[in-house]
Amino acid sequence: MRDFISDKIKNIKPSGIRKFFDIARTIPDCISLGVGEPDFDTPWHIAEEGIYAIESSKIFYTSNQGLLELREEISKWNKRKYNLSYSPDEIIVTTGGSEAIDITLRSIINPGDEIIILEPSYVSYEPIVILSGGIPKIIKLKNENSFKLTKEELQEAITPNTKALLINYPNNPTGAIMDENDLLKITDIIIKNDLLVISDEIYSELTYGKTHTSIGSLEGMRDRTITINGFSKSFSMTGWRLGYLMGPKVIVDEIKKIHQYAIMCAPTISQYAGIEALKKGDNDIENMKAEYNLRRNYLLNELKRLNIPCFVPEGAFYIFPDIHKFNKSSEDFATDLLKREHLVVVPGTAFGSSTDSFIRISYAYSLDSLKEAMKRLERYINSINS
Numbered sequence: 188m189r190d191f192i193s194d195k196i197k198n199i200k201p202s203g204i205r206k207f208f209d210i211a212r213t214i215p216d217c218i219s220l221g222v223g224e225p226d227f228d229t230p231w232h233i234a235e236e237g238i239y240a241i242e243s244s245k246i247f248y249t250s251n252q253g254l255l256e257l258r259e260e261i262s263k264w265n266k267r268k269y270n271l272s273y274s275p276d277e278i279i280v281t282t283g284g285s286e287a288i289d290i291t292l293r294s295i296i297n298p299g300d301e302i303i304i305l306e307p308s309y310v311s312y313e314p315i316v317i318l319s320g321g322i323p324k325i326i327k328l329k330n331e332n333s334f335k336l337t338k339e340e341l342q343e344a345i346t347p348n349t350k351a352l353l354i355n356y357p358n359n360p361t362g363a364i365m366d367e368n369d370l371l372k373i374t375d376i377i378i379k380n381d382l383l384v385i386s387d388e389i390y391s392e393l394t395y396g397k398t399h400t401s402i403g404s405l406e407g408m409r410d411r412t413i414t415i416n417g418f419s420k421s422f423s424m425t426g427w428r429l430g431y432l433m434g435p436k437v438i439v440d441e442i443k444k445i446h447q448y449a450i451m452c453a454p455t456i457s458q459y460a461g462i463e464a465l466k467k468g469d470n471d472i473e474n475m476k477a478e479y480n481l482r483r484n485y486l487l488n489e490l491k492r493l494n495i496p497c498f499v500p501e502g503a504f505y506i507f508p509d510i511h512k513f514n515k516s517s518e519d520f521a522t523d524l525l526k527r528e529h530l531v532v533v534p535g536t537a538f539g540s541s542t543d544s545f546i547r548i549s550y551a552y553s554l555d556s557l558k559e560a561m562k563r564l565e566r567y568i569n570s571i572n573s
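Numbering (the working numbering), first residue to last: 188 to 573.
Since the hints were derived computationally from the structure, they do not count as laboratory data.
Everything hinted at is true.
Capping the alpha-carbon separation at 25 Å, the derived lysine to any residue pairs in SDA-like fashion look like this:
| id | residue 1 | residue 2 |
| --- | --- | --- |
| 1 | Lys512 | Arg527 |
| 2 | Lys263 | Met408 |
| 3 | Lys562 | Ile214 |
| 4 | Lys206 | Lys515 |
| 5 | Lys263 | Tyr248 |
| 6 | Lys245 | Gln447 |
| 7 | Lys372 | Thr349 |
| 8 | Lys466 | Glu392 |
| 9 | Lys512 | Met561 |
Given these sequences and hints, build the entire structure.
Laid out in structure tokens, this is it:
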């Protein structure tokens with residue numbers, strides 16, 4: 188029988204996050220801190236709008252770009268929050284932020300184009316670039332630079348084949364942010380080299396002590412930035428599968444072609460819920476963010492007590508402890524921890540080869556779960572140190 192699988196997909200590795208998540212589901216008393224999914228229910232007033240949409244038979248296809256009312260609210264929300272100015276016809280509502288990343292990359296890449304990716308990075312970036320025919324150009328960010336991209340690193344990575352820079356701040360997995368001053372240091376290089384920026388800002392509302400700056404709001408960047416965001420993290424709407432992208436119309440119109448043929452439109456029920464979230468969800472965000480901050484501080488204090496070095500995250504809901512002192516690869520550490528203590532963390536190598544001395548811990552879980560997790564982690568550390 189002929190081998191029907193493409194060589195390209197054969198060379199793509201399965202997600203390093205899902206591997207441990209799938210194992211955890213088979214262990215009854217397992218505590219999983221592996222998946223970045225809020226443990227809060229979708230706020231009731233948002234869910235109620237979805238229910239009402241079903242009850243009122245609003246279960247039709249919407250326009251390809253999404254409900255006009257939702258795109259209008261996305262436009263107003265981003266102007267109010269981040270001083271981003273995109274009209275409704277410069278917005279596409281997508282099936283989660285993941286679709287937005289996929290169709291954006293597929294729309295811009297010609298064979299041989301280089302896309303700069305910052306490592307550690309979200310697990311889907313590099314595979315999508317490869318599947319789209321592009322070449323990932325990896326910049327390995329440094330802990331000593333707070334996992335921020337420097338202008339020197341960016342300039343060194345650019346070649347005549349470089350087309351775009353893909354960034355994700357607040358960052359998954361590190362929780363790092365780049366504030367306005369940090370971003371201003373790289374915009375001149377981006378403009379000088381005529382690069383497009385794809386900015387994944389899915390964690391934009393989850394910052395602690397600082398306000399998120401969207402790179403598209405800075406001088407000269409609006410028309411060379413595709414901003415990607417969504418409802419999963421900020422509004423605890425993961426299963427609703429609702430995201431969006433914003434950019435200059437000349438690019439968005441081309442991206443829409445893939446969306447039309449592949450997806451048709453995002454779930455209609457979710458879109459009606461999304462309108463409610465943007466109109467009346469600010470307090471929900473603040474309440475969840477306050478709880479995340481408590482959990483963040485708890486974990487940082489516990490890791491300090493256990494003498495495990497850890498970069499202090501200023502965004503998202505992850506911490507990225509340094510485990511090199513235990514003389515284990517991150518894969519071995521995570522596997523052994525799961526086997527002995529039924530505790531799931533994600534090895535750093537899931538986010539790039541340069542971060543093998545780190546693990547990612549999500550604090551999108553209850554404080555009680557985190558307390559039990561730290562007991563198990565401490566017990567494990569004591570056992571391998573004895």
